[in-house]
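Assemble the whole structure, with the sequences as input and the hints as a guide.
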Amino acid sequence: KAGVTQTPRYLIKTRGQQVTLSCSPISGHRSVSWYQQTPGQGLQFLFEYFSETQRNKGNFPGRFSGRQFSNSRSEMNVSTLELGDSALYLCASSLVGRSGGNNSPLHFGNGTRLTVT
Amino acid sequence: SQQGEEDPQALSIQEGENATMNCSYKTSINNLQWYRQNSGRGLVHLILIRSNEREKHSGRLRVTLDTSKKSSSLLITASRAADTASYFCATDEGSNYKLTFGKGTLLTVNP
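Taken in sequence, the protein lines are chains U and F. Numbering-wise (our numbering), the first sequence opens with residue 484 and increments by one. Numbering-wise (our numbering), the second sequence opens with residue 358 and increments by one.
Some clues are possibly wrong.
[To be verified] Which bits of chain U does chain F cover? Going by a derived footprint, with three or more residues having C-beta under 8 Å, they are:
| no. | region |
| --- | --- |
| 1 | 490 to 502 |
| 2 | 525 to 538 |
[To be verified] Pulled a few chain F residues facing chain U out of the computed Cβ check, cut under 8 Å:
| no. | residue |
| --- | --- |
| 3 | 396 |
| 4 | 400 |
| 5 | 455 |
| 6 | 457 |
[Claimed, not checked] Restraint ranges, calculated between C-beta atoms of paired labels, are given here:
| no. | chain 1 | residue 1 | chain 2 | residue 2 | range |
| --- | --- | --- | --- | --- | --- |
| 7 | F | 395 | U | 550 | 23 to 31 Å |
| 8 | U | 545 | F | 414 | 38 to 46 Å |
| 9 | F | 373 | U | 534 | 46 to 54 Å |
| 10 | F | 401 | U | 556 | 18 to 26 Å |
| 11 | U | 523 | F | 439 | 25 to 33 Å |
| 12 | F | 373 | U | 537 | 46 to 54 Å |
| 13 | U | 523 | F | 395 | 19 to 27 Å |
| 14 | F | 384 | U | 523 | 33 to 41 Å |
| 15 | U | 534 | F | 409 | 41 to 49 Å |
| 16 | U | 486 | F | 408 | 22 to 30 Å |
| 17 | F | 409 | U | 556 | 17 to 25 Å |
| 18 | U | 546 | F | 409 | 22 to 30 Å |
Hints are computed from structural coordinates only; laboratory data are not their basis. Think of the CB as a built atom: it goes at the ideal place given N, C-alpha and C, for glycine as much as any other residue.
Dropping the structure here:
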């Protein structure tokens with residue numbers, strides 16, 4: 484099976500611009516989570532989607548948004564970029580049922596390295 | 358906010374030695390997981406231990422969980438240079454849809 488695929492791998496943007504990152508989960512996985520990783524804050528949870536519904540959201544401003552499509556692929560968008568948004572953005576998929584607990588491991592992609600100048 | 362906190366932040370050992378990393382968390386959990394991350398890459402799941410389990414083994418990995426102390430440890434035996442990576446614990450905080458990660462332990466195994 485192919486792993487989690489994130490595109491693009493690297494991205495350079497300037498302040499004020501917006502960006503869209505893409506994630507294709509492992510085939511059959513319906514849950515997709517997004518994380519931001521920085522040296523200072525570590526791994527911070529952004530949001531989780533299942534069957535096109537956002538089930539949980541982290542403490543990020545409204546500039547950060549996401550969505551999931553019917554084929555489970557997911558995108559996240561960051562508008563009005565700030566220097567502090569420079570980070571590695573990681574997407575992870577898992578086999579979690581609609582009513583099941585989070586007992587399934589997360590399978591991560593290699594991330595999108597976003598640099599805001 | 359960080360639920361799990363790993364200790365130590367960094368660990369340097371020689372090949373063949375054992376490495377022990379600890380994780381403490383704050384709230385009740387359903388399970389605790391350990392992940393490894395090689396520099397600049399995604400995280401790889403290592404092992405999951407449920408709240409009603411006390412110890413679990415997988416190859417050279419041994420994980421313990423003490424829910425009364427809200428702590429877990431990861432032991433890597435007979436370490437190899439290829440084990441050099443950052444190791445993270447992650448907990449669910451009782452939530453079904455979110456994993457919270459600690460800041461990790463950077464393990465360096467010198468050949």
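Hint-by-hint comparison with the structure:
no.	hint	result
1	490 to 502	violated (count 0)
2	525 to 538	holds (count 6)
3	396	violated (11 Å)
4	400	holds (5 Å)
5	455	holds (5 Å)
6	457	holds (6 Å)
7	F:395 to U:550: 23 to 31 Å	holds (30 Å)
8	U:545 to F:414: 38 to 46 Å	holds (45 Å)
9	F:373 to U:534: 46 to 54 Å	holds (48 Å)
10	F:401 to U:556: 18 to 26 Å	holds (22 Å)
11	U:523 to F:439: 25 to 33 Å	holds (28 Å)
12	F:373 to U:537: 46 to 54 Å	holds (47 Å)
13	U:523 to F:395: 19 to 27 Å	holds (20 Å)
14	F:384 to U:523: 33 to 41 Å	violated (23 Å)
15	U:534 to F:409: 41 to 49 Å	violated (29 Å)
16	U:486 to F:408: 22 to 30 Å	holds (29 Å)
17	F:409 to U:556: 17 to 25 Å	violated (36 Å)
18	U:546 to F:409: 22 to 30 Å	violated (41 Å)
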